[in-house]
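Novice: Throw the hints in and build the complete structure from the sequences for me.
Taken in order, these protein sequences are the chains called E and R. For the first sequence, the numbering used here assigns the number 1 to the initial residue and increments by one for each residue that follows. For the second sequence, the numbering used here assigns the number 1 to the initial residue and increments by one for each residue that follows.
Possibly wrong hints are sitting among the right ones.
FRET-style restraints, in silico, Cβ to Cβ [said to hold, decoys possible]:
1. R/Arg-142 - E/Leu-8: 22 to 32 Å
2. E/Gly-283 - R/Glu-132: 47 to 57 Å
3. R/Ser-148 - E/Ile-107: 28 to 38 Å
4. E/Gly-283 - R/Phe-220: 54 to 64 Å
5. R/Arg-142 - E/Pro-23: 43 to 53 Å
6. R/Gly-150 - E/Val-85: 52 to 62 Å
7. R/Arg-142 - E/Leu-165: 29 to 39 Å
8. E/Ala-308 - R/Ser-148: 26 to 36 Å
Which stretches of chain E does chain R cover? Using the computed rule of at least three CB atoms under 8 Å from a CB of chain R, they are [claimed, not checked]:
9. 170–177
10. 195–207
Which chain R residues stay away from chain E? Per the calculated CB distances, all over 12 Å, these [stated by the list, open to error]:
11. Ser-7
12. Gly-8
13. Gly-39
14. His-61
15. Phe-63
16. Asp-66
17. Arg-128
18. Tyr-149
19. Glu-172
20. Gly-176
21. Arg-183
22. Leu-190
23. Val-207
24. His-219
25. Glu-226
26. Thr-238
It should be emphasised that the hints constitute simulated quantities derived from the structure, not laboratory data. The beta carbon of each residue, even a glycine, is placed where N, CA and C say it ideally should be.
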Amino acid sequence: MSARLIALGIAFVALVTVPYWMPGDYYINVASQILFYAIFALGLNVLVGYAGLVSLGHAGLFGIAAYATAYMLQIGYGHTAAIVVALIVGIASMAVFAVLSLRSTGIGFIMITLALGEILWGLAYRWISLTGGDNGINVRLRPALFEYSLSSANTFYYTTLVVFLLSVAAMTVFVRSPFGASLMGTRDQPRRMNALGYHVWMIRFYACLVSGLLTAVSGILFVYYTQFISPQTLALTSSAEVLLMVISGGAGTLLGPMVGAALVVVVKTVVSGFIERWNFLLGAIFVAIVILMPEGLVPGSARLWRLAWRKMNTPGKAAVTEGKP
Amino acid sequence: MSALTVSGLCKAFGGLHVTTDVDLNVEPGERRLIIGPNGAGKTTLFNLITGEITPDKGSIHLFGQDITKTPSRRRPHLGMARTYQIITLFARDTIIHNVSLALLGLSPARWNPLIDIKHQGHLIEHGRAALERVGLAHIADRPLAQTSYGERRRVEIAMALAQNPKLLLLDEPFAGLSIDERRDVKQLLLAIPRDVTIVMIEHNMDVALEFAERITLLHFGEVILEGTRAEVVADPRTREVYLGH
Numbered sequence: 001m002s003a004r005l006i007a008l009g010i011a012f013v014a015l016v017t018v019p020y021w022m023p024g025d026y027y028i029n030v031a032s033q034i035l036f037y038a039i040f041a042l043g044l045n046v047l048v049g050y051a052g053l054v055s056l057g058h059a060g061l062f063g064i065a066a067y068a069t070a071y072m073l074q075i076g077y078g079h080t081a082a083i084v085v086a087l088i089v090g091i092a093s094m095a096v097f098a099v100l101s102l103r104s105t106g107i108g109f110i111m112i113t114l115a116l117g118e119i120l121w122g123l124a125y126r127w128i129s130l131t132g133g134d135n136g137i138n139v140r141l142r143p144a145l146f147e148y149s150l151s152s153a154n155t156f157y158y159t160t161l162v163v164f165l166l167s168v169a170a171m172t173v174f175v176r177s178p179f180g181a182s183l184m185g186t187r188d189q190p191r192r193m194n195a196l197g198y199h200v201w202m203i204r205f206y207a208c209l210v211s212g213l214l215t216a217v218s219g220i221l222f223v224y225y226t227q228f229i230s231p232q233t234l235a236l237t238s239s240a241e242v243l244l245m246v247i248s249g250g251a252g253t254l255l256g257p258m259v260g261a262a263l264v265v266v267v268k269t270v271v272s273g274f275i276e277r278w279n280f281l282l283g284a285i286f287v288a289i290v291i292l293m294p295e296g297l298v299p300g301s302a303r304l305w306r307l308a309w310r311k312m313n314t315p316g317k318a319a320v321t322e323g324k325p
Numbered sequence: 001m002s003a004l005t006v007s008g009l010c011k012a013f014g015g016l017h018v019t020t021d022v023d024l025n026v027e028p029g030e031r032r033l034i035i036g037p038n039g040a041g042k043t044t045l046f047n048l049i050t051g052e053i054t055p056d057k058g059s060i061h062l063f064g065q066d067i068t069k070t071p072s073r074r075r076p077h078l079g080m081a082r083t084y085q086i087i088t089l090f091a092r093d094t095i096i097h098n099v100s101l102a103l104l105g106l107s108p109a110r111w112n113p114l115i116d117i118k119h120q121g122h123l124i125e126h127g128r129a130a131l132e133r134v135g136l137a138h139i140a141d142r143p144l145a146q147t148s149y150g151e152r153r154r155v156e157i158a159m160a161l162a163q164n165p166k167l168l169l170l171d172e173p174f175a176g177l178s179i180d181e182r183r184d185v186k187q188l189l190l191a192i193p194r195d196v197t198i199v200m201i202e203h204n205m206d207v208a209l210e211f212a213e214r215i216t217l218l219h220f221g222e223v224i225l226e227g228t229r230a231e232v233v234a235d236p237r238t239r240e241v242y243l244g245h
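Specialist: Shown next as structure tokens:
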């Protein structure tokens with residue numbers, strides 16, 4: 001337990017001091033990206049990991065919050081109004097998604113979310129008067145918090161970090177709460193949960209709203225980061241990418257989606273500078289994860305670590321204990 | 001007023017009539033046994049009573065209240081609890097967490113996303129009390145994956161008991177148990193106070209007959225016979241339908 005606290009403390013200090021040990025603005029920006037993609041992955045993880053509902057339409061929700069922010073700014077509203085409207089639009093879209101897709105689970109849920117995500121992508125692409133079509137919408141200015149403009153890499157990083165830490169804290173509370181337990185119950189035994197007096201549909205619906213909130217938050221951070229939004233962000237590949245973050249890191253864990261986000265962002269931005277075929281590398285990494293630790297990087301590493309630890313402590317009996325859980 | 005009244009209940013899956021015009025009247029505190037050969041529609045009858053399946057015709061009353069149209073998730077709140085023939089538990093969690101979920105199902109706290117479930121003292125306390133009744137309190141914190149089949153059967157019963165039901169529906173609580181385990185489960189069922197009405201489906205006649213006061217015999221979805229234990233056992237139709245010779 002204390003080892004865990006020390007690890008958390010080190011991680012916290014490392015995150016807070018990023019601008020001091022990173023070699024330049026470029027890498028601080030990569031760190032910002034990791035953080036808001038981690039929030040996105042945490043949001044999707046509420047459904048994939050804790051509700052057992054796999055969504056392939058989340059990029060649409062991420063994008064609609066980003067578009068809402070950009071559009072509000074374009075037509076002349078301030079940042080506060082833009083952010084509030086984007087959050088409302090994001091959650092409301094999620095509610096519509098949920099009502100339509102919660103009619104089924106499993107493959108049905110995946111296909112309906114996929115279709116809805118594609119509809120949003122199509123709208124972004126074709127509703128040119130609203131979205132600018134292929135040209136997208138530019139966001140001219142990032143907001144300023146008190147006297148600190150978020151236009152520099154450092155201030156934007158710290159803002160993202162604060163939102164990220166709040167999201168992680170909220171998720172930590174959420175998964176340990178009775179509602180979190182109810183949600184995981186509906187994932188494992190929906191029929192039993194119903195027979196025990198739980199409203200399975202409503203529990204899943206609320207979980208969707210929580211997921212939608214985190215997704216909208218990350219979408220808003222994204223649009224302020226890139227200062228540009230185009231239909232590409234809503235494409236199916238983006239939905240698949242965030243799903244891979246969740247699954248590669250470890251669905252149904254708190255740390256997993258964050259690790260998955262870091263992995264994908266680092267390969268996509270940093271490694272792609274050195275290796276032209278970074279997609280191939282990312283694919284190879286995912287295949288390796290699936291083969292070596294199908295439960296995801298975080299639970300998989302923990303398992304291997306325990307195994308190694310036991311082997312080290314009982315050198316003679318290593319072969320005997322290995323097979324046991 | 002009866003604990004459970006089922007009247008004219010019908011259910012067909014396509015052309016297969018699994019429940020045909022079933023009438024059932026269970027008095028408060030009664031121990032009722034439902035028997036019948038495989039495919040007689042016993043579990044379907046339970047699923048109709050708990051609302052997991054909606055009937056085509058007929059009505060169900062729980063302590064005088066018409067619950068025919070009440071959603072199945074509301075029925076536990078009205079005092080109805082069931083166990084499953086096929087064990088349906090939360091395999092990733094501990095025994096105490098399984099029972100806590102049963103308790104939480106009836107508590108408004110199940111919607112609360114802000115408190116820590118581990119700090120909900122009453123859940124743990126009542127959960128342990130329920131486990132005490134089935135003799136599993138000493139392994140309450142054991143992960144379910146590390147328990148035996150017999151222990152899981154008892155967790156099923158503990159979850160139903162934890163909900164403090166007025167009507168308890170037991171679907172083959174002795175299925176797959178050893179002789180020793182059957183004796184233990186019978187003891188714990190006998191210890192359930194009389195303010196709980198029990199309807200039980202069971203094949204193990206040696207343990208079930210002792211427990212039952214009245215017996216209903218189902219065959220091809222119909223009630224063939226109903227009466228006291230002695231009447232049903234003595235009736236030649238029981239032998240013919242159920243014992244098969």
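Novice: State for each hint whether it applies.
Specialist: Hints, one by one, checked against the model:
1. R/Arg-142 - E/Leu-8: 22 to 32 Å: 28 Å, holds
2. E/Gly-283 - R/Glu-132: 47 to 57 Å: Because 54 Å falls inside the window, the suggested range holds.
3. R/Ser-148 - E/Ile-107: 28 to 38 Å: 35 Å, holds
4. E/Gly-283 - R/Phe-220: 54 to 64 Å: 57 Å, holds
5. R/Arg-142 - E/Pro-23: 43 to 53 Å: 51 Å, holds
6. R/Gly-150 - E/Val-85: 52 to 62 Å: Holds: the Cβ-Cβ distance is about 58 Å, inside 52 to 62 Å.
7. R/Arg-142 - E/Leu-165: 29 to 39 Å: 35 Å, holds
8. E/Ala-308 - R/Ser-148: 26 to 36 Å: With a Cβ separation near 31 Å, E/Ala-308 and R/Ser-148 satisfy 26 to 36 Å, so the hint holds.
9. 170–177: holds (count 4)
10. 195–207: holds (count 7)
11. Ser-7: 23 Å, holds
12. Gly-8: 24 Å, holds
13. Gly-39: Check passes; 21 Å lies beyond 12 Å.
14. His-61: 19 Å, holds
15. Phe-63: Nearest chain E Cβ is 17 Å from R/Phe-63, so the label holds.
16. Asp-66: 19 Å, holds
17. Arg-128: Fine: 17 Å to the nearest Cβ keeps R/Arg-128 off the interface.
18. Tyr-149: 17 Å, holds
19. Glu-172: 16 Å, holds
20. Gly-176: It holds; R/Gly-176 is separated from chain E by about 18 Å at its closest Cβ, greater than 12 Å.
21. Arg-183: At roughly 27 Å from the nearest Cβ of chain E, R/Arg-183 sits farther out than 12 Å, so the non-interface label holds.
22. Leu-190: Non-interface label stands for R/Leu-190: nearest chain E Cβ at 25 Å, farther than 12 Å.
23. Val-207: Holds: least Cβ distance 25 Å, greater than 12 Å.
24. His-219: Nearest chain E Cβ is 27 Å from R/His-219, so the label holds.
25. Glu-226: Nearest chain E Cβ is 26 Å from R/Glu-226, so the label holds.
26. Thr-238: About 31 Å separates R/Thr-238 from the closest Cβ of chain E, which puts it past 12 Å; holds.
Checked against the numbered hints given earlier, the structure satisfies every one of them.
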